[in-house]
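Please put together the full structure from these sequences, using the hints given.
Residue numbers (numbering that gives the first Met the number 0), protein chains in the order written: chain A, 0 to 483; chain B, 0 to 495; chain C, 0 to 95.
Simulated from the structure, these hints should not be mistaken for laboratory data.
The structure displayed is predicted, hence computed values, not measured ones.
All C-beta atoms, glycine included, are put in the ideal place defined by N, C-alpha and C.
Treat the hints loosely; a few may be bogus.
[Claimed, not checked] Residues from chain A that face chain B, not an exhaustive set, calculated with beta carbons under 7 Å:
1. Lys26
2. Ala50
3. Asn96
4. Gly97
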Amino acid sequence: MSYIIKGETGDWEIVVGLEVHCEVISKAKLFSGAATTFGAEANTQVSFVDAGFPGMLPVINHECVEQAVRTGFGLNATINKKSIFARKNYYYADLPNGYQISQSDHPIISDGYIDVDLENGETRRIGIERLHLEQDAGKLMHDQHPSKTFVDLNRAGVALMEIVSRPDIRSPEEAGAYLRKLRSIVRYIGSCDGNMDEGSMRCDANVSVHRPGEPFGTRAEIKNVNSIRFVMQAIEYEAMRQVELIESGGKVVQETRKFDSVKGETKSMRSKETAVDYRYFYDPDLIPLVLDDAMIERLRKEMPELPDAKKKRFIEDYGLPAYDAGQLVAEKEIANYFEAAAKGHDAKKVANYIMGDLFAVLNKQGKSITESPVKPENLGRMVDLINDGTISSRIAKDVFAFMVEEGKTPDEIVEEKGLKQVTDTSAIEKMVDEVLAANPDKVAEYKGGKEKLLGWFVGQTMRASQGKANPAMLNELVKKKLDA
Amino acid sequence: MTDLVELTIAEALDGLAKKEFSAVELTQAHLKEMEKARELNAYVLETPEIALERAKKSDERRAAGKAGKMEGIPVGMKDLYCTKGVRTTACSHILDGFVPPYESTVSQKLEDEGSVMLGKTNMDEFAMGTANLTSYYGAVRNPYKDKTNPDKFLIPGGSSGGSAAAVAAGLCMAATGSDTGGSIRTPASFCGIVGCKPTYGRCSRWGMVAFASSLDQAGTMTRTVRDTAIMLEAMAGFDPKDSTSANVAVPNYEKALTGDVKGLRIGIPREYNPDKGLNADVRHVWEQTAEKLKAAGAEIVDISLPSTQYALPTYYLIAPAEASSNLARYDGVKYGLRVDGNSLDEMYTNTRTEGFGKEVKRRIMIGTCILLEGYYETCYLKAQKVRRLLCHEFAEAYKKVDVILAPAAPETAFGKDDDSTSDPLKMQLYDVFTVPSSLAGLPAVCVPAGTSEVNGLPIGLQVIGNSFQEETILRVAGTIEAMSDMPIRPLRVGGK
Amino acid sequence: MSIDREMVKRLGILSRLRIPEENMDEMVGELTKILGWVDQLKDVNTDDVLPMNSVVEDMNLRERDDVVTDGDIRDEILANAPESMDGYFLVPKVVE
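Take a look at the structure:
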């Protein structure tokens, strides 16, 4: 099912390619020994190398190289044994050297893909053209002074992985799914924390539109969008804008645009520099990076289980439906929680409680799964209690609520609150008798043919039991007594 | 006793060891000589307080039995080396007032080995020049005089012109230089001293203001080959802070100076002997020296380096391209000059337009141009390909010979106001013999070998070796030095 | 490709150098001359020759361990700055 824009003059398809900048998790910067921690005081995490002082030279951080290789495995990509660093030359206040050390025609990783799941159950494969290592820039603050911009170089030189997709994305939904999947992969690997709101993952989107069956249109690049939702909005808006522009006789120009998340629009960034040419050339301060086979093999062996493999395993080992498995593996922490809770218990039921009650509670409390008030082993145990008839699924709701509030084990809660299910036939019979005796008119109605009242009797009796009566037994006994 | 400023490093180390004089006295003598010879404009910054303090410490170290390889030796520091707490400008207006909070690896090593820095020496702006005429601090005067016109202001060569003049005039016992396309060897030849550019990767580039990173190499300027051996050993060595630094052990270079060249194969490249563009006196000294070496037992081998003529254009593409990027950091934000403007770009442009001199701007423009789409392939990549060919030709040659003997400069020192100095293309031709070995990253030492019969000015020859064969080139250079009648004592500009 | 005034202007913008109107022609001439001179390289046959970026290209690129060894030197970083305030470098206001 494809995403079609219905224009005034007919249908349009869209083509999207995404460039994602992921800040690499490492203690020190890509080419210097300064720290990378987020939120430090301005210019305290800056070495003379980062600040572009005369005579300073770059020396590469091995961990950043390993992170790129790991991520390359995660993207099912080719690990290039030889890659080369190049300078991208341009002037800006956040770029102290007047060039960014990046990689041009010899990136460390190339030709990969990731599979993304769509709402309709389809899976789409999105190609990855390349992943290369480069330096992040500093930060500018424009609102501190009426006539000055403040420059903080703490981020300058932090390692980035730029991950460039092929133009394989065909809808805003696919773009969102791609970004979520990519974020999930780098988080599983631990090569990037994927926090778009802190800027550790940033996205540029190349968008074009064309008539079905015709060649791709001219693309516009939307720069630096900082949430998945905004990326989807920006693509939707931009595609629409291009359609309207073409249909009203205009022409799409290749340009850089900015997304205004408040207005939900993209705007042209009229670049004063009409002459942009980055003049890439290999950095003469560095020589080619050559990876040795032993390191590549070691990293391959050390790779953690990634979302796709985990999903497959959850389906096969736990019998989960594909959709549920997909939900549970999206975040490593959720997957870990699920496995801790499901081990030795009814996995499908555990999955349902996680995706239903637990997610609702976490959402309400604004907590992540690692902060869950319900311990995974307690959730597993609760499911056991349901399955062995100790509590009913109705009572389980209460037990769950108590676990959230008090953090106790389900056994303790059931014991303390006396929530154990009543399965004693005579006790239930007694309660049924009482209800029937108290409602002779309703009994008469029932007997007169109003069979719908059966549910009412069951409800009344359940209420009388404070919810503890075994529902199946209760149903059976009510029916038996009424029909007697 | 000889005047202290006339000593070689080897002699001074000996005298210091024998307590004939102290490092403080040695330093004071040089500081006095510097004062007398300020007309040369060899130093752009004198640091007498620092020098005397270091000399005092040096005497203490020596007394404590902890003398380094250069203990107590007064040296000049090319203004290209960042020196902690001491203004460093690469003789550019754009680095006005820049005081590095760090010390370059090379100057640190020299200090660690006990040497005493006297000041920062003049140079072409960002090392871009052949005559030391592009310095923001003005031209340097060569202490030598043209005997046909003694009043003529002779240039010392560049870019390490201040260092060369200072060493030649006894304003220091040795000085650091840097060589990108001949910046040590040309001034050494013009000033009658020994200048050595070691193998690329031999000395750390960390803390050296960059001109062209793939070519820049630190080196030595001294009055004798032995002094070069001593100083190079102190400066060289692996530096983990420079990704292009070679992890190769530094040998004892002094030990290599056996004077024995018997059986050594010395190549004479025929392409270095063009019909035009080589001064007859230079050619004569070259031929004579080869004859003498042959007489001393060396084998003279005629060799060919066919792509030599393409080395200059290759160099003048690669070096400006790298420079255009290396010099982008001078933008008025972090250090040095700022000329304000109403916008960021205006400030950048104001600062750089005022801060850089004409030659530097010219090279930035050229370098920017040839990295542009449309030029990159045909100019920059083409030059890099020719560079590989040149390297290959040298490698082939070293299968047949041990060293190559060639002129260092096509002429002797010329006048500041000679016509050629206003034509950049003509000025570039002075690098014709030095640039090929720079492109190949090979070690080369320029040693005084004779004088011009016409003007009496010194003529240096270079001995070019294979990678990391500094020992061999120094051995040959030492032999040439011993066979020539060139003075090793300084020219006392201010009188004795 | 020939060098004209437009090209010189573009190079000036790219390298943040102002070429005064009166020097334009001189700069056009110099660049034309030097590009003409280096044009002789086209006579060299470089088929099958790879570009050489560094004479030490065959060394192994040395890699640092991921350890914080630098930074925390704000005063030194800012000591030479023409303009700074509150621990920041200052530049003329950038309008985004």
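### Message
Next item in the hint list is asparagine 96 of chain A. Is there a CB on chain B closer than 7 Å to its CB?
### Response
holds (5 Å)
### Query
Taking the closest Cβ pair, is alanine 50 of chain A under 7 Å from chain B?
This hint holds: alanine 50 of chain A lies near chain B, its Cβ roughly 6 Å from the closest one there, short of 7 Å.
### Message
Using the nearest Cβ pair, does lysine 26 of chain A come within less than 7 Å of chain B?
### Response
violated (18 Å)
### Query
Does glycine 97 of chain A meet its interface restraint, that is, does its C-beta lie within less than 7 Å of any C-beta in chain B?
holds (2 Å)
Checked against the numbered hints given earlier, this structure breaks only hint 1.
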